[in-house]
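Single-letter residue listing:
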Amino acid sequence: MTERSGADILMDTLVEQGVEVVFGYPGGAVLPIYDALFNDNRIRHILVRHEAGAAHAAEGYARSTGKPGVVLVTSGPGATNAVTGIADAFMDSIPMVVLTGQVATAMIGTDAFQEADTVGITRHCTKHNYLVKDPADLAATINEAFKIATTGRPGPVVIDIPKDVQVASAPANQTEPRSRFNPPTTGAPEAIAQAVAMLAAAEAPVLYTGGGIINSGPEASELLRELQDLCGAPLTSTLMGLGAFPAQNKAWLGMLGMHGTYEANMAMNRADLIISVGARFDDRVTGRIEDFAPNAKKIHIDIDRSSINKTVQVDLPIIGDCTLVLRQMIDEWKSSDASAQNLSEWYARIDGWRARNSLAYPQSEEEIMPQLAIERLFELTKQYDPIITTEVGQHQMWAAQHFHFFAPNKWLTSGGLGTMGYGLPAAIGAQLGNPEALVIDVAGEASIQMNIQELGTASQYRLPVKVFILNNEYMGMVRQWQELTYESRYSNSYSDSLPDFVKLAEAYGWKGIVIENLDDLDAGIQAMIDHDGPVIVDCRVAKLANCLPMFRSGAPHTEMIMYGDDTQREVTAEAKASV
Amino acid sequence: MKIQHREQERHVLAITVDNESGILAKIAGLFTARGYNIDSLTVADISENHNVSRITIVTHGPPAVIDQIHAQLERLVPVHKVSDLTELGPHVERELALVKVAGKGDNRVEALRLADVYRAKVVDSTTESFIFEITGAPEKIDSFVALMRELGLVEVGRTGIVGMMRGVNGA
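Protein chains in written order, with numbering that gives the first Met the number 0: chain A, 0 to 578; chain B, 0 to 170.
Pulled out of the complex, with its shape left as it was, chain A reads as follows:
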């Protein structure tokens, strides 16, 4: 039987898995794999500038294409640098396979050069991880890793490969497929019937949808629209779920949660039935648990049993894949001849909350309000059906509030972990997966600096990504919380010593645009769109604008602060302790 090296087995198995792009950075412990890549045209390697960039780029690729992202990094610092991206993918359930080099098996445990306990470090931020000690196990391990990463609730899987395992050879075709990982896919029929009966009987229902719909594939979004059409229920979505339901639909309540709309949170609070589809009752959604939707029966559709009753006790759990469960519900609705209650009174109440116009913000003649900048960005780019990534902070929430989404896989943001520095590498990954798309990273001047080195990656691969910086010279969300909770003591939240972003852009071969005046806003955005290549826009916005509406961390989800409300009141120790 012919034998192949571990590195060759790895390459062949990745190709068999349909991998086209790998994001990585070479180093001592992965040199055999990089040598195997050297003359192999089957896989495109994207050289990032920092391993965190590789992991986030793989996330952006995965979120925008639905295919697993693949990362290749060296041992020790290569692996530890990738950990933030791995943890990010774990929190947001993004399919990813991370290949890390490791020192040779005989050296493990000796504190060898560039040795780190990668399996130990990543144990609790991966869905599963492996240390492969024999090249004969490589193919089966990689195949299982892809299955685990992409099925059930998706997530990152790490495969740690010692250098000698990459070099040593093993017989070809020795891959015994494993089949131990088989998560449930369809919901229990009796639960489906009960859910449909509850939905048909509800007088004030709300569909509450999350990232699970996106992860389940584009069909889930179509089925969601179909189910909503049948039952007529108003619909809100988490940050992770934006795009699954078109924002122009009259049933659309906007995003819910801490920075969601007033109508979305009030509808959740006053609903008699909440159907959660692929969402997890995160604390940013519920606010104070005791005050969350007290009168609603709750149905929770989730692929992960551990999401059920984790924070909020529900009345009817349905464990299954969103696509299949939604189809089951639609079939059941039709076959049982269900019909919805008259929801006109419910919609009338919702209109009352809508009339508060919770996304309103003060207009300014002199300054560019950040909300306005997002609105104009939306208006001027919507015809191109753009993919939007974000960093983390005020700009992220403003983008979620004022940009509108009509299709899944167009909105890529770090929701669970809240990782500053996510947006630029994610945009690079998304652009690689969608070469024709307009990809824009909506950023803040602080966040963008966290992975600014990836400008070079976009230059190298001629990726025309756009970075739109809402520059308010503050870590705006930190400043806002300090205003709300610490009587405006702005401890270390001022972005001092900022670079000249235009010069920085030019230094990397990008185009740089600065927008300082309201009158230049549209022209600046248009110039960004029109430039055939990567662009940084430094958009100088009002410095002290707050992102509202907002309920405070640990406060009831109905107690929303809006523009015009006093933001300077006393705060209890409990509120200060709430993240």
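Keep in mind that the hints are not guaranteed to be accurate.
[Claimed, not checked] Simulated restraints on C-beta separations:
id	chain 1	residue 1	chain 2	residue 2	range
1	A	Asp499	B	His59	55 to 61 Å
2	A	Lys575	B	Gly166	36 to 42 Å
3	B	Ala136	A	Asn491	55 to 61 Å
4	A	Ala103	B	Gly28	21 to 27 Å
5	A	Arg41	B	Gly28	34 to 40 Å
6	B	Arg112	A	Ser577	56 to 62 Å
7	A	Arg41	B	Ser20	30 to 36 Å
8	B	Arg112	A	Ala103	58 to 64 Å
9	B	Pro89	A	Arg41	58 to 64 Å
10	A	Thr571	B	Val167	53 to 59 Å
11	A	Lys575	B	Pro89	47 to 53 Å
12	B	Glu127	A	Ala111	47 to 53 Å
13	A	Ala103	B	Arg5	45 to 51 Å
[What the hints assert, rightly or not] Just a few of them, taken from the derived set where beta-carbon distance is under 8 Å, the chain A residues facing chain B:
id	residue
14	Val118
15	His127
16	Phe180
17	Asn181
18	Ala572
[Said to hold, decoys possible] Below, simulated DSS-like cross-link-like pairs (lysine-lysine); rule was C-alpha separation at most 25 Å, straight line:
id	chain 1	residue 1	chain 2	residue 2
19	B	Lys120	B	Lys103
20	B	Lys80	B	Lys25
21	A	Lys132	B	Lys25
22	A	Lys333	A	Lys249
23	B	Lys25	A	Lys146
24	A	Lys249	A	Lys381
25	A	Lys542	A	Lys502
26	A	Lys381	A	Lys510
27	B	Lys1	A	Lys575
28	A	Lys381	A	Lys502
29	B	Lys120	B	Lys99
30	B	Lys1	A	Lys146
Hints were generated in silico from the structure; no laboratory data involved.
None of these values were measured; they are calculated from a predicted model.
Cβ coordinates follow ideal geometry from the N, Cα and C atoms, glycine included.
Given the structure of chain A, go ahead and fit chain B onto it with the hints provided.
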């Protein structure tokens, strides 16, 4: 501001897992990472071909947390099955302890007599010491150890409990 504490329940979980490297660290780490408690943990290979181990964990927490522990354990890829014996109903819990007692004269005689009452076996002896092997429910071992403490207890080693459902069916 004060930290609030919630009511606790004790549960015995029997977990069958793939016998692969790191599985114990995964499970123990899951408990620390999510702030769960481990009162005792036992693990041993139970299969003919050394593929599968059974782990018994005694834990405590509020009912909702116990349910989360169950679900979080099931999420781990190498975990085949999690059985909450406390939830499932009548079950047997047994633990083994080795208890070393040193002494002379009356104490030595009394220790041997009590060992007999508790059906503990002598597995090693010198003229000045015994090692007793005792098996039973954890409370029985607790009370035996408490008695030995007065009679010259040197050291105790306990296995932690293993548990199994009563009756004909497996968990």
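Outcome of the hint check:
| no. | hint | result |
| --- | --- | --- |
| 1 | A:Asp499 with B:His59: 55 to 61 Å | 59 Å, holds |
| 2 | A:Lys575 with B:Gly166: 36 to 42 Å | 53 Å, violated |
| 3 | B:Ala136 with A:Asn491: 55 to 61 Å | 57 Å, holds |
| 4 | A:Ala103 with B:Gly28: 21 to 27 Å | 26 Å, holds |
| 5 | A:Arg41 with B:Gly28: 34 to 40 Å | 37 Å, holds |
| 6 | B:Arg112 with A:Ser577: 56 to 62 Å | 60 Å, holds |
| 7 | A:Arg41 with B:Ser20: 30 to 36 Å | 32 Å, holds |
| 8 | B:Arg112 with A:Ala103: 58 to 64 Å | 60 Å, holds |
| 9 | B:Pro89 with A:Arg41: 58 to 64 Å | 59 Å, holds |
| 10 | A:Thr571 with B:Val167: 53 to 59 Å | 57 Å, holds |
| 11 | A:Lys575 with B:Pro89: 47 to 53 Å | 48 Å, holds |
| 12 | B:Glu127 with A:Ala111: 47 to 53 Å | 49 Å, holds |
| 13 | A:Ala103 with B:Arg5: 45 to 51 Å | 49 Å, holds |
| 14 | Val118 | 6 Å, holds |
| 15 | His127 | 4 Å, holds |
| 16 | Phe180 | 6 Å, holds |
| 17 | Asn181 | 11 Å, violated |
| 18 | Ala572 | 4 Å, holds |
| 19 | B:Lys120 with B:Lys103 | 19 Å, holds |
| 20 | B:Lys80 with B:Lys25 | 15 Å, holds |
| 21 | A:Lys132 with B:Lys25 | 19 Å, holds |
| 22 | A:Lys333 with A:Lys249 | 23 Å, holds |
| 23 | B:Lys25 with A:Lys146 | 20 Å, holds |
| 24 | A:Lys249 with A:Lys381 | 19 Å, holds |
| 25 | A:Lys542 with A:Lys502 | 22 Å, holds |
| 26 | A:Lys381 with A:Lys510 | 22 Å, holds |
| 27 | B:Lys1 with A:Lys575 | 13 Å, holds |
| 28 | A:Lys381 with A:Lys502 | 29 Å, violated |
| 29 | B:Lys120 with B:Lys99 | 12 Å, holds |
| 30 | B:Lys1 with A:Lys146 | 46 Å, violated |
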